[in-house]
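K.L.:
Listed here are the chains, written in short residue letters.
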Amino acid sequence: MNLLANFLQQLINGIHVGSIYALIALGYTMVYGIIKLINFAHGDIIMMGAYFTFVCIVSLGLPLWAALIIPVILCLVSGILIERVAYKPLRNSPRLSALITAIGVSFLLENVFFKKFGQNPRPFPQFINPTPISIGPLQISRITLITVLVSILLMILLDFFVKRSKPGKAMRAVSEDQGAAQLMGINVNSTISLTFAIGSALGAIGGILYSVAYPLIDPFMGVMPGLKAFVAAVLGGIGIIPGAMLGGFIMGIAESLTKGYISSQLADAVVFGILIIVLSLKPSGLLGKNIKEKV
Amino acid sequence: MNSRWKANTINTTSIILIYVILVLLIRMGFINSYYEGILIEMGINIILAVSLNLATGYLGQLTLGHAGFMAIGAYAAAIFSSRVNMPDLPLLLISIIIGGLLAALLGFLMAIPVFRLRGDYLAIITLGFGEIIRVIILNLKITGGGKGLSGILPLTSFSSVYFVTIITIAIFYTLINSRHGRAIISIREDEIASEAVGISTKYYKTFAFTIAAFFAGIAGGLFAHHTLVLDPKDFGFIRSIEILIIVVLGGMGNLTGSILAAIIITILPRMLMGFADWNMIIYSILLIAMMLFKPGGLLGKREFSLYKLLAGRKKSHGNAPVKNEGSE
Amino acid sequence: MKRLVKLMSLTLTGALLASSLVGCGQNGSGSKDSDVIKIGGIAPLTGDVAVYGVAANNGAKLAIEEINANGGILGKQIQYIDYDDKGDTTEAVNAYKKLVNNDKVEAIIGAVTSKPTLAITPLAAKDGIPMISPTATALDVTSAGSNIFRTCFIDPYQGENMARFAIENLNATKAAVLYNTADDYSIGVAEAFKNQFEASGGEIVSFEGYGADEKDYKAILTNVKGQNPDVLFLPDYYNTVGLIAQQVKEVGINATLLGADGWDGVLAVAPEAAEGAYFCNHYSTDDSSEEVQNFLKAYKDKYNEEPVSFAALGYDTVKILAAAIEKAGTTDYDAVVNALTETNITTVTGTITYDENRNPIKDVAIIRIENGQNKLYTKINPQ
Chain E
1 MNLLANFLQQ
11 LINGIHVGSI
21 YALIALGYTM
31 VYGIIKLINF
41 AHGDIIMMGA
51 YFTFVCIVSL
61 GLPLWAALII
71 PVILCLVSGI
81 LIERVAYKPL
91 RNSPRLSALI
101 TAIGVSFLLE
111 NVFFKKFGQN
121 PRPFPQFINP
131 TPISIGPLQI
141 SRITLITVLV
151 SILLMILLDF
161 FVKRSKPGKA
171 MRAVSEDQGA
181 AQLMGINVNS
191 TISLTFAIGS
201 ALGAIGGILY
211 SVAYPLIDPF
221 MGVMPGLKAF
231 VAAVLGGIGI
241 IPGAMLGGFI
251 MGIAESLTKG
261 YISSQLADAV
271 VFGILIIVLS
281 LKPSGLLGKN
291 IKEKV
Chain R
1001 MNSRWKANTI
1011 NTTSIILIYV
1021 ILVLLIRMGF
1031 INSYYEGILI
1041 EMGINIILAV
1051 SLNLATGYLG
1061 QLTLGHAGFM
1071 AIGAYAAAIF
1081 SSRVNMPDLP
1091 LLLISIIIGG
1101 LLAALLGFLM
1111 AIPVFRLRGD
1121 YLAIITLGFG
1131 EIIRVIILNL
1141 KITGGGKGLS
1151 GILPLTSFSS
1161 VYFVTIITIA
1171 IFYTLINSRH
1181 GRAIISIRED
1191 EIASEAVGIS
1201 TKYYKTFAFT
1211 IAAFFAGIAG
1221 GLFAHHTLVL
1231 DPKDFGFIRS
1241 IEILIIVVLG
1251 GMGNLTGSIL
1261 AAIIITILPR
1271 MLMGFADWNM
1281 IIYSILLIAM
1291 MLFKPGGLLG
1301 KREFSLYKLL
1311 AGRKKSHGNA
1321 PVKNEGSE
Chain V
2001 MKRLVKLMSL
2011 TLTGALLASS
2021 LVGCGQNGSG
2031 SKDSDVIKIG
2041 GIAPLTGDVA
2051 VYGVAANNGA
2061 KLAIEEINAN
2071 GGILGKQIQY
2081 IDYDDKGDTT
2091 EAVNAYKKLV
2101 NNDKVEAIIG
2111 AVTSKPTLAI
2121 TPLAAKDGIP
2131 MISPTATALD
2141 VTSAGSNIFR
2151 TCFIDPYQGE
2161 NMARFAIENL
2171 NATKAAVLYN
2181 TADDYSIGVA
2191 EAFKNQFEAS
2201 GGEIVSFEGY
2211 GADEKDYKAI
2221 LTNVKGQNPD
2231 VLFLPDYYNT
2241 VGLIAQQVKE
2251 VGINATLLGA
2261 DGWDGVLAVA
2271 PEAAEGAYFC
2281 NHYSTDDSSE
2291 EVQNFLKAYK
2301 DKYNEEPVSF
2311 AALGYDTVKI
2321 LAAAIEKAGT
2331 TDYDAVVNAL
2341 TETNITTVTG
2351 TITYDENRNP
2361 IKDVAIIRIE
2371 NGQNKLYTKI
2381 NPQ
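Residue numbers (my numbering), protein chains in the order written: chain E, 1 to 295; chain R, 1001 to 1328; chain V, 2001 to 2383.
Looking at chain E on its own, in the form it has when it is part of the complex (with noise of 0.2 Å):
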């Protein structure tokens, strides 16, 4: 009972860290979706929310409600600012150009934070009791337990919006064929800025579950999970919302299981190992469409 025990445990633990990275790897699979960019600074929103509910919470003293929703706006204006101003003039020359400027963002978002706040990672404010509950012989933190279910909710949100509402099906016509998507009437500017906000909103929430989770940050702590979201997103198919879900999970999962079971120190490699598999025998991931290129 107790070996069944422990691998629940451990299930539940993937469950949490992986509905993190979904939730990261919602923003990552909707930007790359639209214009086609691995936008290496939605890691940095990450730690940007995380930052500004930091200081809403600490500096400025503000209620809990106000401490969570301000983030997320400075984050959904954030994300739309940084693309009208590097990525909207790049939008016709070469895509490694615009990769390079996203590296070049990510510096400069995490530099920023780093002399504004210095070396000292700070610890956030525990406003979830970390105390477990148990059910049985497992221990569940009530972290895990919000943490789950504002994910899966966000993610069903952001399903309906896409597949129902008129700028979800903008965002979709877009991601498919921007030339004609603008023939037929659809801004696709603001589309675009739509998409960022959305991408940024999730991102900053996804930064503030994992504060809340690992309570220490620091300017550079979005990058491992923006790369683990990104493989995630990458793992599901690109561009495919229920693909980065999928993903999320899936990583957050097979990392756990492998530290539990393996070796925390291979959990990376592991988890890398399951992406290139994947990409081997579906080389459009999971849910991916496979295009046939004409000539």
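The hints are simulated quantities; they were obtained by calculation from the structure and are not laboratory data. Just so you know, these numbers come straight off a predicted model, no measurement behind them. Errors might be hidden in some of the hints.
Simulated restraints, written as ranges between beta carbons of each label pair [unchecked claim]: (1) Thr2353/V / Ile70/E: 54 to 60 Å; (2) Leu60/E / Leu1268/R: 34 to 40 Å; (3) Pro242/E / Glu1242/R: 49 to 55 Å; (4) Gly2329/V / Leu1024/R: 46 to 52 Å; (5) Ser280/E / Glu1242/R: 38 to 44 Å; (6) Gly2276/V / Asn120/E: 21 to 27 Å; (7) Leu1109/R / Glu2275/V: 30 to 36 Å; (8) Ile277/E / Leu2170/V: 15 to 21 Å; (9) Leu1268/R / Ala2125/V: 28 to 34 Å.
Computed cross-link-like contacts, DSSO-like style, restricted to lysine-lysine with a CA-CA straight-line distance of at most 27 Å [to be verified]: (10) Lys1301/R / Lys1202/R; (11) Lys2379/V / Lys2327/V; (12) Lys1141/R / Lys2061/V; (13) Lys2086/V / Lys116/E; (14) Lys1301/R / Lys88/E; (15) Lys2174/V / Lys2379/V; (16) Lys36/E / Lys1141/R; (17) Lys1233/R / Lys88/E; (18) Lys115/E / Lys2215/V; (19) Lys1233/R / Lys2097/V; (20) Lys1202/R / Lys289/E; (21) Lys116/E / Lys2061/V; (22) Lys282/E / Lys1202/R.
For glycine and all other residues, C-beta sits at the position ideal for the given N, C-alpha and C.
Chains R and V: place on chain E using the hints.
P.N.:
Coordinates of chains R and V only, in the frame set by chain E:
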């Protein structure tokens, strides 16, 4: 080929001249150990940039795992040189060649799954491989694991780096201008068309990838015997990105551009050191500005040629096609 | 004309490039007859481990200020030239070369973390320059050369003491150890603890490593929980320790937490999770000795925060160096090195003398975290 003869003579003389001047400056103490280190770093960065350029610029496949090959070369060379007794220079050369060969072998093996993919997926899978290499190094006893490898023999010197760099550049220059080089470039331009005219894309992709890996390994070996301590953290995807930045900065598919960009990127952080905490911010702003204003890289598609500059050829852009020795 | 312009711009660029190379970093000549004594410092002022570097550097700067205010060493003022090694071995080597070749310093204080320090010890050994690392605890640091010293006690020493403490004072029979596989310090202390604990009759039920960038320890901790240890030993730095401690609570482990000197500062990160834990340190802030209290006050006045032990060690390093230079009567490398071997001073981190490996013989303070405060529990004197 009178002009080619002249060009080659000018290039060879300037190479020897530069070497003599720099060595004199070092011997006389004008360039001390600190600056010598910078020159060595430049050489290593040049080799890295030029090799990555082959795979990314000329072949047109974005790879994000170059640091992994560098790591293999570094660790293999270091482990070899610490076990074998030999005079310095041959030991260095043999070690780095072993490092390069091992890296090339891995590049060759990786090419099989990697080239089944295209575009961004290929980039991600190379990133994945790079990370896996890093994690494996992190977990092996022989590489020192997380603690890293220390006590490496200081075999790298300015002279050795200079000549290895020059040889590397010469090899790549020859390769690019040969029919193999043209085949590689044609794959970048239009893969389906190349396949249609009988160029084995699979062969050339693997070929370019393996060569790039080999030289990354060589650079790694030189790096190891220069910094004397290896840490797996130095070879993560951030390092791959740094090399990529150099290549893009210099212009994709531009050999002299990579050399120039490597020199600049080596010096830039040092020049900015005086600004303490602002230096990285300035660096990233410069990077963004570079991309916004000159997305094709510093030199774009034009190769820098000393001969052309001195001979003052009466050629203006985009006029009648003129026979030149560089590739476009 | 066009050709001439091109050639001139080429030479101009070349000249600019060359001059920027030469121009930067060319400080004063620093001859030995000048009226300042130049001391070089190498510490991580930015990067992952900047917290420790800045603290040590601040401590050193405070001591230098105090000495200069009291007339300096041998009647000369100290000029402190410090460079950031970013916790990176290449940067540390560059900083060292710059200090010794360009700035021509008389002694090196640094580096702070073990890996960068190990990168520069071969160079320092070759140059013979007096080098004291305030905080690098890896065993091999001082064995590179007879001119290399350190101010902190070494890793094995801490691990052994905590193991003995667990067995004798806490009556522990089963222990779990979690350590950072990328850190010499963590590995060294963990292994020393394990060996001593087992030698004293205890059982190590879990000996698990995690990566440096790890944030999620719940998987490992879930496994540890199943083993029911009495004590859980976490020899890592306080940021990581705070993170682990909180997850220990989330997973529901009831063992007593133990730590080493890297724990200093954990109260700023996770005071509730660390409650009831014990760790060993170089000094304790509620040590009533004059040196400690003066240092605390001066540091708080200058930097507006409580000094962690790294700051104290940085401070003491300067004091040790200054005393040695005074004793030698000159800044000549060999004379200062000799004087260092005969060090016998009482400073913030205790009464310090050096053994034959140039490692300090000094006290170890065991601290207990009670009610969100560091309380000195007991002091151990080395045999």
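K.L.:
Would you mind marking each hint as holding or not holding in the structure?
P.N.:
For each hint, the structure was consulted:
The hint said 54 to 60 Å for the Cβ distance between threonine 2353/V and isoleucine 70/E, and at roughly 57 Å that hint holds. At about 38 Å, the beta-carbon gap between leucine 60/E and leucine 1268/R stays in the expected band of 34 to 40 Å. As the Cβ distance of proline 242/E to glutamate 1242/R is approximately 35 Å, the hint placing it in 49 to 55 Å is violated. Between glycine 2329/V and leucine 1024/R the CB atoms are about 40 Å apart, so this pair departs from the stated range of 46 to 52 Å.
Look at serine 280/E against glutamate 1242/R: about 28 Å separates their beta carbons, and that is not inside 38 to 44 Å. For the pair glycine 2276/V and asparagine 120/E, the beta carbons lie near 25 Å from each other, so the given range of 21 to 27 Å is met. The beta-carbon spacing between leucine 1109/R and glutamate 2275/V, approximately 53 Å, falls outside the hinted interval of 30 to 36 Å. Taking the beta carbon of each, isoleucine 277/E and leucine 2170/V are about 47 Å apart, not inside 15 to 21 Å as hinted.
The hinted range of 28 to 34 Å is satisfied by leucine 1268/R and alanine 2125/V, whose Cβ atoms lie roughly 32 Å apart. As the CA atoms of lysine 1301/R and lysine 1202/R are separated by approximately 26 Å, the hinted pair is consistent with the 27 Å bound. With a C-alpha separation of about 30 Å, the suggested pairing of lysine 2379/V with lysine 2327/V is violated against the 27 Å cut-off. Under the criterion of a C-alpha separation no larger than 27 Å, the hint pairing lysine 1141/R with lysine 2061/V is inconsistent with the structure, at around 40 Å.
For the given pair, lysine 2086/V sits about 17 Å from lysine 116/E by alpha-carbon distance, which is consistent with the 27 Å threshold. Our distance criterion of 27 Å between C-alpha atoms is met by lysine 1301/R and lysine 88/E, whose separation comes to about 23 Å. For the hint pairing lysine 2174/V with lysine 2379/V, the CA-to-CA distance comes to about 24 Å; that is within 27 Å, so the pair holds. With a C-alpha separation of about 41 Å, the suggested pair lysine 36/E and lysine 1141/R falls outside the 27 Å cut-off, and the hint is violated.
Note on lysine 1233/R and lysine 88/E: the hinted pairing is violated, with a Cα-Cα distance of about 34 Å set against a maximum of 27 Å. Between lysine 115/E and lysine 2215/V the CA atoms are separated by roughly 23 Å; this keeps the pair inside 27 Å, and the hint holds. Restraint check for lysine 1233/R and lysine 2097/V: satisfied, since their Cα atoms lie roughly 23 Å apart, inside the 27 Å limit. Between lysine 1202/R and lysine 289/E the CA atoms are separated by roughly 24 Å; this keeps the pair inside 27 Å, and the hint holds.
Between lysine 116/E and lysine 2061/V, the direct Cα distance comes to roughly 23 Å. Compliance with the 27 Å bound is thereby established for this hinted pair. A C-alpha spacing of about 19 Å is found between lysine 282/E and lysine 1202/R, which places the hinted pair at or below 27 Å, so the restraint holds.
The structure fails hints 3, 4, 5, 7, 8, 11, 12, 16, 17 (numbered hints given earlier, in ascending order).
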